[in-house]
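So the chains spell out like this:
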Amino acid sequence: MILNAILLAFRALRRNVMRSLLTMLGIVIGVAAVITVATLGAGASDSITSQVSSLGDKLLFITPSAEERGPQSGSAIRPFTRRDSDALESNIFGIDDVSPTVSKQVTTVYGNSNWSTSVTGITAEYFPVRNANVIRGNDFSEQQYQSGRLTCILGKTVREELFGAVDAVGSTIRIGIATCQVIGELESKGQAGPGSDQDNIVLAPLRAVQIRLIGNENITAIAASVNSGASNSEIRLEIEELMRERRNIRETDVDDFRVLDPAEIAGVLEDVTGILTLFLSAIAGVSLLVGGIGIMNIMLVSVTERTREIGIRLAIGALGKEVLTQFLVESVILTTLGGCIGIFFGLTGSYAGALYMGFDFTIDPNIVMGAFAFSALVGVVFGYVPARRAARLDPIEALRHE
Amino acid sequence: MSGSQLSQARGSEALATDAADSAAKVPTIRLQQLLRSYGHGESEVIALNNIDFTVQKGEFVALMGPSGAGKSTCLNMLGCLDRPTNGHYFFQGVDVAYLSGEQRALLRRHFIGFVFQGFNLLNRTTALENVELPLIYRRVPTKERHRRAREALEKVGLSGREKHTPGELSGGQQQRVAIARAIVTDPALMLADEPTGNLDTAMSQEILRLLTQLNQDQGLTIVMVTHEADIAAIAQREVHFLDGRIATDTTRGAQSE
Ligand SMILES: Nc1ncnc2c1ncn2[C@@H]1O[C@H](COP(=O)(O)OP(=O)(O)O)[C@@H](O)[C@H]1O
Ligand SMILES: [Mg+2]
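Top to bottom, those sequences are chains R and V. Under the working numbering, the residue at position 53 of the first sequence is numbered 53, and the numbers go up by one with no gaps. Under the working numbering, the residue at position 199 of the second sequence is numbered 199, and the numbers go up by one with no gaps.
Treat the hints as calculated values from the structure; they're not laboratory data. Every residue, glycine too, gets a C-beta built ideally from N, C-alpha and C. Be aware that a few hints might be false.
[Claimed, not checked] To give an idea of the chain V side of the interface with chain R (calculated C-beta under 7 Å), a few residues: (1) Y38; (2) R108; (3) K155.
[Said to hold, decoys possible] From the derived model, a few chain R residues whose C-beta atoms are all more than 12 Å from chain V: (4) N4; (5) N16; (6) F163; (7) A165; (8) L213; (9) T304; (10) I312; (11) V323; (12) L355; (13) A373.
Given the sequences, and given the hints that come with them, work out the whole structure.
Written out as structure tokens, the structure reads:
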């Protein structure tokens, strides 16, 4: 029975290829949308998680901010100094290491190549705190940290832009107006999301950057690694208390600095991405539903158009239920075929999207199987009404049609 | 469910052939006081008014009469497409008048071939696939289906046109495909409603020769509706309808005897 119906359905679909393709279109678009949204949503979520794990989840960032809105205070940002970072390290028991940094946008030049990037002044704690490693050349020596002489370690992107494939260690580049010897290259960390390349970086000793490139002793960011036995939120409160005291902020005033917990932010971001993905998937699901209704519509028109054909089949001796099965099978073939095409376009689209946004592209077999099963279901549900209408035709009436 | 009805239909076939063997002269068709009316009360139209009508196996009968006389209604009744309001229809000795829709569909599938005025082929479908259609519903295996469809096309003189679609064939050729589709199942009865109505004289002659040949060579029982006297003259027997009744029923052989 079902093999017969499949044979009849295929022959019928082949007779009107154009109509078959048009019928499929709604499902193709709906499935492609669902696959794209779901895959990219999962990719975004993964990307956030992997960024956090690359930072480590026991890390706090302290930056000065201009958020104080008191009448006497301007919008000037009050920076930190090394004394602040030293105080954090010595006064708060739950902090392992403190990495004070200062950053400046600069143009780097080597030979005919120049590249705009940012140079970050660091102390030796930077490497353990930020989980960074030198893969070529050397780390800064204690003497280099102390001397104030400018030496640097390049991120992969900067090295590629200035030197191409050549090893940069030992060469001398220009940073702004200063010359600087390259002593090493950092291990690549890759993209941290759209437009944020973690390898577009130049590291130099903090003191040297302060003296040679900036001309003051300011610190613009402090990263602190939290002891694995302590909780981020408690340490954060301790930091806030200590900094308020050090910066003489009155009870009634707002903080003029900020303590960021990347793990916490990532948690929030993941929640938001999750909700957004769900929401967009729901919209895409609605478009799938609309595609299903479109199929029903075209099938109903097609039953009217094919009344005479149905009459012929019934006169020849087809049973009503055989006509019903044939039309149902036709509709299921159309929706599953449309589903497969939609899956193809959806995966292609999300691959392109993932590439563009810097996510990892992974095919979730559950999403793909789900989309396939759902499109078959759409075929049964929305094909039933037209199929039943076809099956209930009276052969004499149907043959007289037109 | 369909299986049991199928075997029921096959059972009636066996029954019919048994009957044919024993009693030799069970007619293919016997209508008994058959009434078919449409509507109720004042608007009631009686299309067939208590008709008695018998067709023996191997006969070629032409149904004639003016428009609205009840010829098509009669043919639909004979083809089990319609059910009578009253009376009986014995098909090969079995009363089939009040069978269910499914049972009548199975009867058509196994015993009856139809040829229509408008050819009623599936468009954009090859001649071979059109002829195969009844065999698909009969669950004939692919190989045998192809062979029988080819044979049927050969019988109507369309060898070599298997892959042509109706759009690529002349009216006469299309009607021959339709005849091939009707005979591919070796039916006990072929019903034709104005089979030459859409054809010019030459093509009509072609089709009529084919029908005569099938009747004489294969012993196919044919009932054909026509309103042209010269076409009816091909048949051995002419039945004239008027206002839902049979006005005259003349058999040429009987006249000459
Ligand atoms: N479906 C129907 N509903 C109502 N009346 C019908 C229907 N079919 C046929 N009739 C009537 O039955 C009579 C016989 O029709 P028909 O068998 O088609 O005549 P013929 O084929 O001889 O021209 C006509 O009066 C026609 O109007
Ligand atoms: Mg008529």
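To see whether the hints hold, each was checked on the structure:
Look at V:Y38: its Cβ only gets to about 12 Å from chain R, farther than 7 Å, so that hint breaks. Annotation: V:R108 was flagged as interfacial toward chain R, and the flag holds, the nearest CB pair being 4 Å apart, inside 7 Å. At its closest, the beta carbon of V:K155 sits 18 Å from a beta carbon of chain R; the interface hint therefore is violated under the 7 Å criterion. Annotated as non-interface, R:N4 brings its C-beta within 12 Å of a C-beta of chain V; the closest such distance is 6 Å.
Residue-level check failed: R:N16 sits 7 Å from the nearest beta carbon of chain V, not beyond 12 Å. At roughly 67 Å, the least C-beta separation between R:F163 and chain V is larger than 12 Å, which holds for a residue marked as non-interface. With a closest Cβ-Cβ approach of about 62 Å to chain V, R:A165 is found to remain outside the 12 Å limit, as its non-interface label requires. Non-interface call for R:L213 relative to chain V: holds, since the shortest CB-CB distance, roughly 78 Å, exceeds 12 Å.
With a cut of 12 Å on Cβ distances, R:T304 stays outside the contact zone with chain V, its closest approach being about 16 Å. The claim that R:I312 is not at the interface with chain V is violated, since a C-beta of that chain comes within 12 Å of its own (minimum 5 Å). Taking the minimum C-beta to C-beta distance to chain V, about 10 Å, the non-interface status of R:V323 is violated against the 12 Å cut. The Cβ of R:L355 lies farther than 12 Å from every Cβ of chain V, with a closest approach of about 43 Å, so its non-interface assignment holds.
Every CB of chain V is more than 12 Å from the CB of R:A373 (nearest about 29 Å), matching its label as outside the interface.
The structure fails hints 1, 3, 4, 5, 10 and 11 (numbered hints given earlier, in ascending order).
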